[in-house]
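Trainee: Listed in order, the protein sequences are those of chains A and B.
The C-terminal position of the first sequence is numbered 101 in our numbering, with every residue numbered one higher than the one before it.
The C-terminal position of the second sequence is numbered 394 in our numbering, with every residue numbered one higher than the one before it.
Hints in this document: simulated from the structure, not taken from any laboratory.
Cβ coordinates follow ideal geometry from the N, Cα and C atoms, glycine included.
Among the hints, erroneous ones may be present.
Across the chosen pairs, the derived CB separations fall in these ranges [unchecked claim]: (1) B:Gly303 <-> A:Glu25: 35 to 41 Å; (2) B:Gly68 <-> A:Ile84: 26 to 32 Å; (3) B:Asn178 <-> A:Asn9: 44 to 50 Å; (4) A:Leu31 <-> B:Tyr218: 14 to 20 Å; (5) B:Ala241 <-> A:Pro26: 50 to 56 Å; (6) A:Glu7 <-> B:Lys234: 26 to 32 Å; (7) B:Thr112 <-> A:Leu31: 44 to 50 Å; (8) A:Pro26 <-> B:Asp50: 55 to 61 Å; (9) B:Ala241 <-> A:Glu25: 35 to 41 Å; (10) A:Ala6 <-> B:Glu197: 16 to 22 Å; (11) B:Gly68 <-> A:Trp14: 25 to 31 Å.
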Amino acid sequence: MSKKAAEINEQIPWQDLTTGCEIYEPGTSRLTKTGEWRSRTPVWVEDKCKQCVLCAPFCPDASIPVKDGKRADFDYDHCKGCGICIKACPFDAIVWKEDEA
Amino acid sequence: MSIRDRLSGNEAIATAMRQINPDVFAMFPITPSTEIPQYFAQYVADGKVDTEFICVESEHSSLSACLGAEAAGARAVTATSSAGLSYMNEVLYVAGSSRLPVVLAVACRALTGPININHDYSDSMAERDSGFIQIYGENNQEVYDNYLMAHRIAEHPDVRLPLMVCEDGFITSHAIENIEIEEDDKVKAFVGEYKPENYLLKSENPLAVGPYGVSGYYMEARVAQAQAMKNAKKVILDVAADFEKTFGRKYGFFEEYRMEDAEIAMVIMGSSAGTAKAAVDQLRKNGVKAGLVKIRVFRPFPGEELAKAIAHCKAVAVMDKSEGFSACGGPLFAETSGAIINLEQRPKMIDIVFGLGGRDFTVAAALSVYDRLEKIAAGGEIGEVYTHMGQRER
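Input sequences plus hints: build the corresponding full structure.
Mentor: Here is the structure:
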């Protein structure tokens, strides 16, 4: 049985689960929008950002995409709003979204 | 040709392990199972096996190391007893739910307290719901034979569940008996190689083991695991049939001893069954229709088959060699009661907790149980359903 992770969801019967819920491919967390768990949202203030990229390695969920040495906006499908990036940023370039705090 | 040799239960298990030559043995010693890794260490030192023999820091770790090895695609084994098995508790459940067919030898020993190193089933019975298959042996031969069948049952694709081979601490683990050992090549041919379809070291197909299961999946995962335990029943019988064909010794879920026309019977496990058989033989000589059922496979519990075996009896004593502190009987009694509950005609049944912490079980004690059963069968009062036997009291 080599069922694809994309075929496993909360509608399938127990007979269609993999043995021991094994997953037979890598990178399947992309399929699960864990950003839904977020209760507070960090916002990137682009004009304050010096592109030191210190925030990216601190992110426990790889939700700060870095391309050609520069960070882009948050991957909100996977950011869980822990706020570690806000603490890590030396330039106050990441702030909590207002009226959520 | 079988080889006649005198071995302790522990040496018999270690011998079976040597013949099977597992990929990994993660060991941590505890009385009375310590001799198993001790013998095996000698086989490693003598180059008789090429097993990766890992000395870890605890039983929690020994089983964890086995699970890692199993997930990687290896055949992994370990052994333990008593508090060691309790310390594995958390990991036992991981083995079951991750469906990793590790084989664990348990020399069954009392749990504290008071602290005690002798035999009863407090340790293995405490883990009866952990998702392990549990197979119990009466004597050294059965323990050896059960071990030879263990990997094939556990690793079968319809099952894929971890398995405990249980022997009675000291009584079986240390007593030396003359038993039939099979030839190495015949054992290897019978047990076969472990070839899982998916495993961590299969580079072309990355695998994740033991993922988080939210409420939307947990129930389904548990039902699938329960189904695997049901599937194990057929596989256990199939492997036993092949074992009989190959080595000539017959096994089922349980042994029925003089049960055909039995009016009174015991349901019992392990070495105590040997003692009770002597009592049955004495009673039969005197014309008493006594019999016994010796449970070999406790998980999966053969409820339907056991009900059929004892349905025709008038009175049955379930012999529990562990105390469940339920205040209404031990675990074997609970299972047996559940098994017969829907029978139209069912025997009167009592539970006797006996032999705790190595307390002797004698033929005279077994006879006293049958004596009580005779009175119940003749229409007497059942009296207290759940009692203890063999303790000093006022």
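Trainee: Against each hint, give a clear statement of whether it holds in the structure.
Mentor: Structure-based check of all given hints:
Taken as a hint, the range 35 to 41 Å holds for the pair glycine 303 (chain B) and glutamate 25 (chain A), whose Cβ atoms sit roughly 40 Å apart. With their beta carbons about 30 Å apart, glycine 68 (chain B) and isoleucine 84 (chain A) fall inside the hinted range of 26 to 32 Å. Distance hint check: the CB atoms of asparagine 178 (chain B) and asparagine 9 (chain A) are about 59 Å apart, inconsistent with the given range 44 to 50 Å. Against the hinted window of 14 to 20 Å, the Cβ-Cβ separation of leucine 31 (chain A) and tyrosine 218 (chain B) comes to about 19 Å, which satisfies the hint.
Distance hint for alanine 241 (chain B) and proline 26 (chain A): a CB-CB separation of about 42 Å, inconsistent with the stated range 50 to 56 Å. Between glutamate 7 (chain A) and lysine 234 (chain B), the C-beta spacing of about 28 Å keeps the proposed range 26 to 32 Å intact. A beta carbon spacing of about 47 Å between threonine 112 (chain B) and leucine 31 (chain A) agrees with the range 44 to 50 Å that was offered as a hint. Between proline 26 (chain A) and aspartate 50 (chain B) the Cβ separation comes to about 31 Å, which falls outside the hinted range of 55 to 61 Å.
Checked against the given bound of 35 to 41 Å, the beta carbons of alanine 241 (chain B) and glutamate 25 (chain A), roughly 39 Å apart, stay inside it. The hinted window of 16 to 22 Å between alanine 6 (chain A) and glutamate 197 (chain B) holds, with their beta carbons roughly 20 Å apart. Under the hint 25 to 31 Å, the C-beta atoms of glycine 68 (chain B) and tryptophan 14 (chain A), about 27 Å apart, fit the expected range.
Hint compliance for this structure: hints 3, 5, 8 are broken, all remaining hints hold.
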